[in-house]
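Chains A and B, in that order, give the protein sequences. Residue 1 is where the first sequence starts when you use the numbering used here, and the numbers rise one by one after that. Residue 1001 is where the second sequence starts when you use the numbering used here, and the numbers rise one by one after that.
The reader is advised that the hints may include incorrect statements.
Stated by the list, open to error - Selected chain A positions facing chain B (Cβ under 8 Å, derived; list incomplete):
1) D13
2) P14
3) V17
4) F24
5) F36
6) I39
7) V40
8) D48
9) D49
10) A53
Think of the hints as simulated: they come from the structure by calculation, not from any bench. Bear in mind the structure is a predicted one, so any value in this text is a computation, not a measurement. Note that beta-carbon positions come from the ideal geometry of N, C-alpha and C, so glycine has one too.
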Amino acid sequence: MIFLVDFSVIKPDPGLVFWTTIIFATFWIIVGKFAFKPIVAALRKREDDIQNALDAAKIARTEMENLKEENEELLAQAREERTQILKEAKEAREYMISEAKKKAKEEAAIIVRNARNDIESQKSAAIKELKMEVGNMALEVASKIIREKLNSDEAQKEYVKKLVDEIGMN
Amino acid sequence: MRGLILSLFSFCLIFGITFGHLTAQTDDQPSPLKEVVEEVYDTKAFDPGEKAIGHIVDANAFHLFADYYFHLPAFLFAPGYGWTILSSTRKFKPASKGNGTLAIDRYVLYYGAIYRVNDPSFPLETVEIDGFHYDYQKDDDGNEISVLQVVYRGNNYDLDSKSTIDGGFFGGKITSYYDFSITKNVFSMLLTFILLTWAFFSVAKAYRRRDGMAPKGFQSFIEPIIVFIQDDVAKPFLGNNYQRFMPLLLSLFFFILGLNLLGQIPFFPGSANVTGNLGVTLVLALFTFFAVNFSGNRHYWQHILWMPGIPVPVKFILTPVEVAGMFIKPFTLMLRLFASITAGHIVIVAFVSLIFIFGNAGESLSGSMLGLLVAFPLTLFMLAIELVIALVQAFVFTILTASYLAAATEEAHH
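Okay, chain B solo, but in the shape it has when bound (with noise of 0.2 Å):
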């Protein structure tokens, strides 16, 4: 256990010592910037909704409380501008609520996330920023849309979001700008697999230790997990192949399950809503895929590009159902994940929402202590429930990849 605590400490400390800087911002010298912000974020009545994405989603800085933020590495790529590499976040001297007072090569920080200002007229070099505003636009179907701005000089520059790979099928595109960050999920996923790589090697070492005598300590903690997952999981899909695929079954759930966990944690190395974002969700279902398609035996092609036993014409039907079927399977794996877990994410911050809607956004105590009232057994409820669902869509996760294993392994039997 001193183990765990050391080699969760010293990555703190060594990732706070190399990147990151703990910083809270003295208001000794006002900034236009403070103003600015508070122009476009106080005039609006408190938004549960917005609250909520707000804590769902990914960022460049993690936000501990009030103005303080954990400030991590940035590695940003423009096409034609090349590599900006940031030691920290803290390079663009945050002031309040983890908005940057600088632009270095046309990079800002806005709440804690990176945006870039796609102007060519906008100076390249480190220069310090007037603030942030939001623009009210059309776009191109005529609905009327917010576009973040930079303020310089007097000017207002359109901000860039960073690059994603939806295809503008859930309103993302391709920027002007690719990051490659270290974000507060990167740092999770990081922090998550130096626990679980750690905890494993300890339990590892046990059973080389420990040969032929029965387990002990942490190790007798997670052998009926790893039991499980072989007996319940591998072993009734996979049958005698199961060793074989053992690593990957065990990997895909300690590391949902650890990710999932670390976000129900509700504040700093925690609450990052990791396993509640598409992009990781991706990943993980194309390794399921991969490695699927990648073990398929000759029954399993054959099954899936022209199916025995059946007459012609329904082959020609069941061909690109089956072939369709190959996407569809991962694709579920995605969503579900991710939906259940965001969902998870945003529902917690509803009911504390409830605290603050009551209090008429911190005005009244009395209204304050009846959101209280009604919020706390609805966050504790909703807390134990994601404790469940963190287990079971790891759980589930894991099962329906052994069960596509299990059909793309199998020997013909007829």
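Same shape as in the complex, but just chain A (with noise of 0.2 Å):
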């Protein structure tokens, strides 16, 4: 068999080492320098703001559940805190209610007494003026008796009942 075209894929010219050197190295320097770093850095730049965003938002996750839990410390403890108040008020009132009935019984405990000291004093002054009235009375009745005995008997009796009756009406 005889080739007429030369099979010269195989055999490495010169020419075309030169060149490809040329051609690639020049690539591979300008191209790696002025595109490839830039655009491997920027995406190494980008990978890395990416990473730092999503740890940040990590992290503000895990202070937001923090706060969460603390929200809620807190506001069980200001239920807890409610309730206090509130039990002690209630019992401030509950003391208050009964220190007022306690002093109220012994002011009017102290009242009545008064009144019936008051009562007791007046009765005895009534009694007294009655006593006296009554005497001074028997006196009248008995110093007008001792003036009509001396008139007749039915007279005497008629007259005292009379008397009787003026005293018993006053």
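Fit chain to chain and form the complex, with the hints in mind.
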């Protein structure tokens, strides 16, 4: 078999080797340095930015959770405090009421006692006055009887009766 | 997007004005060359293998279609004669099929590729040639080989191919000249370089301008790919060291991917088989080799030269193995990329060739239609596979480079 065309692709040609070296080296140096390097750096930077953002979000979430817990704690505490205050207020009210009642009772007792004392003293004063009045009346009756005695029996009786009625009516 | 189209367009335009010339030769003056060439080619039946090889090899002019070529500048060096610099292969005044009608400093253009006459009796100045001819000769081992010759004033002169540095291993040798031209492959690499530079500079600018914001537009298209290389290639292997090697890994990945994909486009400015050329993959593998060994730490060299923790006799076996491994690793990188891309290109051309085989090389239309029916789904399938291969090979090259770098920079852990 005779080939008229040379299968030259398998034979490295120095000219092609030279040009390939020049072109690829230039490509590597220029595009590598001014395009690939900045691109890779930019990708790296973005990767880092995304990672940082994710980390920050994670931290924020944990903080939020902590805050929430704290809030709940605070709320529970407040609730407890409220119950405590209410309880205390109730106790205070009850105490005040009972105190007031006690005082009122005491006062009432004093008033009653005073009133009783007054009544007692008034009564004794009235009795004394009555006694004096009865004595005077008796004296008056006695003096009038003595004066009428002299007139008649019947008349005397009548007279006494009239006097007694008068006294009784008073 | 407008910037991309603009840069693409201006690149082709500037290139075209400066060096390249689009040519279609009119046949107003029949040249003897045409007949000679046709004598060589038309007597042969359609050969898909040859067609495929013709499509995957490098060339000095970019074949567009039919007799149209996009001509590229040529920088040629012949030891003892010095430099021959041509602004474009148009200077050879190509007639049909990219065959030049002139010889300049003993250089000629045949099917868009430059060859040199290595014969002191051939004139050094620019002369008109009569055509080309294939001579069947016996090589040193007695095998019959075909030698391309140029016909000048009734005499046939053997033509040299350009020097190659495979050391005769693949049949190449150091010949009378070196070709440093902007070839089809170099042109494709320059185009890829410009496209990728434009793309990544605009993406880098977007990152600067939109700092701290979500990616947008082209940036959001590129970002997942970069993040993929970063998170699935660089970080698992290199750990915290990854940022140091990201420019190299990304450069390798996108350069290979760009060239692979550009090669998938079946017409100009695509279609060049760049990453399917051993010279190109050799250089890429060498970059990996040097990057790995220059960043190798004490631990790495210790493991290669005098592996700790094993008996001394075993060390004498292991050290040569490890040293060989240093070279075998990038060598496999070179071969893997070259082989898969070249194979893909060959298979696609072979499938397309089915149309011509069925059509008996254009003689039968109904046969061609049958061939098209068979070739169309096969080629479509192959193109889809090739897209995957373009991505996978770029990825494999990058991930293996990352793993070698990881082995070289790993800290001792025992």
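Consistency of the hints with the structure:
A hinted interface residue such as A:D13 counts as satisfied when its beta carbon comes closer than 8 Å to some beta carbon of chain B; here the least separation is about 5 Å, so the hint holds. At its closest, the beta carbon of A:P14 sits 6 Å from a beta carbon of chain B; the interface hint therefore holds under the 8 Å criterion. Look at A:V17: its Cβ gets to within about 5 Å of chain B, closer than 8 Å, so that hint holds up. Hint status for A:F24: holds, given a least beta-carbon distance of 6 Å to chain B, under 8 Å.
Taken as an interface hint, A:F36 checks out: its beta carbon lies about 4 Å from the nearest beta carbon of chain B, inside 8 Å. The closest approach between the C-beta of A:I39 and any C-beta of chain B is roughly 5 Å, which is under the 8 Å cut-off, so the hint is satisfied. Hint status for A:V40: holds, given a least beta-carbon distance of 5 Å to chain B, under 8 Å. Given the 8 Å rule on beta carbons, the hint for A:D48 is violated: about 11 Å separates it from the nearest Cβ of chain B.
A distance limit of 8 Å between C-beta atoms decides the matter here; for A:D49 the minimum to chain B is near 7 Å, and the interface restraint holds. Contact between A:A53 and chain B, as hinted, is not supported at the beta carbon level, the nearest pair being about 11 Å apart and thus beyond 8 Å.
Going down the numbered hints, you'll see the structure goes against 8 and 10, while the others check out.
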